[in-house]
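Trainee: Given next are the chains, with one letter for each unit.
Number of protein chains: 2
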Amino acid sequence: MVARYELIADDLREGILSGARPAGSQLPSEAELAGRYGVARGTVRQAVAVLAAEGLVGSRQGARRVVLPSTVPGTMPDAAPSAAPGGTPGAARSQSFAELHSFAQWARAGGHRFGGRVIEQRRRRAGAAEAARLGGGEVLEVLRLRTLEGEPVLVERTVYAAWVAPAVEALPADCESVTQALYDAIGLVFAYGEHLIDAVAAGSQDARLLGVRRGSPLLRQRRTTTTHEGRPVESSDDRYRAGSVAFSIRNSIGANPLARQALDLRSGRGEHMFDS
Amino acid sequence: MVARYELIADDLREGILSGARPAGSQLPSEAELAGRYGVARGTVRQAVAVLAAEGLVGSRQGARRVVLPSTVPGTMPDAAPSAAPGGTPGAARSQSFAELHSFAQWARAGGHRFGGRVIEQRRRRAGAAEAARLGGGEVLEVLRLRTLEGEPVLVERTVYAAWVAPAVEALPADCESVTQALYDAIGLVFAYGEHLIDAVAAGSQDARLLGVRRGSPLLRQRRTTTTHEGRPVESSDDRYRAGSVAFSIRNSIGANPLARQALDLRSGRGEHMFDS
DNA sequence: CAGTGGTCTAGACCACCAA
DNA sequence: TGGTGGTCTAGACCACTGG
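Protein chains in written order, with the numbering used here: chain A, 1 to 276; chain B, 277 to 552.
Think of the hints as simulated: they come from the structure by calculation, not from any bench.
Positions of the beta carbon are idealized from the N, C-alpha and C atoms, including for glycine.
Keep in mind that the hints are not guaranteed to be accurate.
Stated by the list, open to error - Just a few of them, taken from the derived set where beta-carbon distance is under 10 Å, the chain B residues facing chain A:
hint : residue
1    : S346
2    : G391
3    : Y468
4    : G469
5    : E470
6    : S528
Between the sequences and the hints, there should be enough to build the whole structure, so can you do that?
Mentor: The following block contains the structure:
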């Protein structure tokens with residue numbers, strides 16, 4: 001059972017991606033769309049909310065929605081002026097953060113050849129910080145190396161909560177998709193993730209595994225994942241070889257009242273209405 | 277005029293952040309919240325949608341909403357097992373990507389001392405790729421160095437579209453917040469952003485400006501920003517010194533029908549219902 | 001099976017933008 | 001000032017979760 005608003009969103013999305021609705025053009029009004037699709041206005045609003053969340057359209061109270069310009073996926077050109085040092089040659093594959101995806105899911109969706117294997121794996125008692133994050137007990141620490149198109153691109157250092165450890169240990173060392181395997185085995189769903197992204201220098205182990213020089217730049221993603229119920233599953237430190245992948249994110253100012261934010265700016269320091 | 281649903285969201289958020297609603301606990305049902313706040317169910321749904329977008333609560337059809345565990349901002353502990361090479365010592369400041377913020381906005385909100393100055397600035401004709409992204413004509417290329425707590429942390433190489441170039445040229449070289457200055461000057465709002473994040477080695481210019489060794493890791497953020505109308509404003513290549521900042525993102529599987537995604541997984545390759 | 005969230009309707013009023 | 005999106009109501013039915 002597919003929701004009506006999803007179908008409408010699909011239809012509008014196709015129009016945008018196909019170029020029928022070019023960047024900068026205006027969408028029909030909600031009232032007109034409601035008439036055209038034969039639904040209530042609320043349903044149309046749900047549909048366009050999807051597109052807004054995807055960063056395809058922008059909206060402001062009082063003005064028609066506009067189609068936003070979008071870079072062709074994975075080929076965002078070098079923004080750097082000529083002064084920039086020699087960047088990575090080919091446009092790197094990019095991984096969207098709009099939804100939570102495992103490495104395998106992402107690679108498969110992008111049509112890449114990928115693999116991976118466990119390098120090291122052992123149980124140990126949770127440290128204080130880990131216990132706070134994952135719950136106490138005997139956590140499972142796993143070191144994995146993953147490849148893309150035959151090349152090693154990612155070193156994953158993952159700590160699994162005690163309650164999933166047995167299921168993880170039961171997996172083969174060359175398991176393609178841990179996420180899928182755990183779902184098949186015990187119905188586990190990685191539902192929510194929190195990510196911290198920064199850059200680090202390759203350590204000696206990183207360097208050896210990825211085939212780069214020690215100290216060379218790596219893109220690091222520290223991640224904590226939970227189930228639907230909010231139960232922590234794993235906490236991971238993933239390091240990508242520079243140039244192999246990039247993360248992509250789309251953003252807008254303010255949650256919905258886009259204009260308000262601009263006014264807050266004027267007040268200089270002012271008081272912040274969100275404490276986050 | 278603050279919307280009712282915002283107030284309800286604020287109230288619930290405070291309960292979560294204060295610990296009154298601990299991670300893993302269930303939220304009251306929509307019906308009960310509607311009664312408690314004296315609003316219709318739809319209004320309650322808007323409120324919890326805000327919290328869901330912030331990653332504070334999760335929801336699934338048929339089950340009560342749950343409060344998700346959240347890492348204390350800016351202090352996500354080292355997820356890496358002991359095998360990891362010596363990471364950055366202090367927890368780095370983290371910048372959320374939930375909303376679009378300028379460096380100045382972010383630094384100010386975090387209570388940091390910050391500054392910046394223009395190193396180089398010149399007009400030149402747009403290249404082909406730039407013209408496609410920003411519109412043609414004479415773009416303005418600016419090299420800025422920005423500091424946090426007195427330390428240089430960020431090299432910004434920005435290309436401004438021709439139509440904003442005059443306003444940017446009119447700014448003082450040590451302008452604190454370009455975003456705010458441009459708003460004050462010509463009412464320009466940076467409304468939407470698209471970001472590509474990866475790691476690169478410091479070039480010689482980067483190294484000199486940031487006070488690091490050539491080849492040392494930098495966190496790179498390539499960004500294209502547009503107005504509310506979707507008109508491109510700037511395109512930038514920002515490079516952060518490793519350890520100075522991290523980007524933080526919260527995620528969930530699937531847009532709303534969280535369970536469906538899990539089922540799709542089972543079908544292995546299967547057909548993908550979203551072409552994105 | 002009862003309770004819950006997900007979808008949808010058909011109205012209403014308001015704040016805002018552009019002409 | 002007219003059209004637009006933002007908010008809100010009071011209902012309805014359905015799909016799903018959990019005991």
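Trainee: Are the hints correct? Go through all of them and say.
Mentor: Hints, one by one, checked against the model:
1. S346: 7 Å, holds
2. G391: With a closest approach of 16 Å, the G391(B) hint is violated.
3. Y468: 5 Å, holds
4. G469: Check passed: Cβ of G469(B) comes within 4 Å of chain A, closer than 10 Å.
5. E470: 5 Å, holds
6. S528: Status holds, d = 5 Å.
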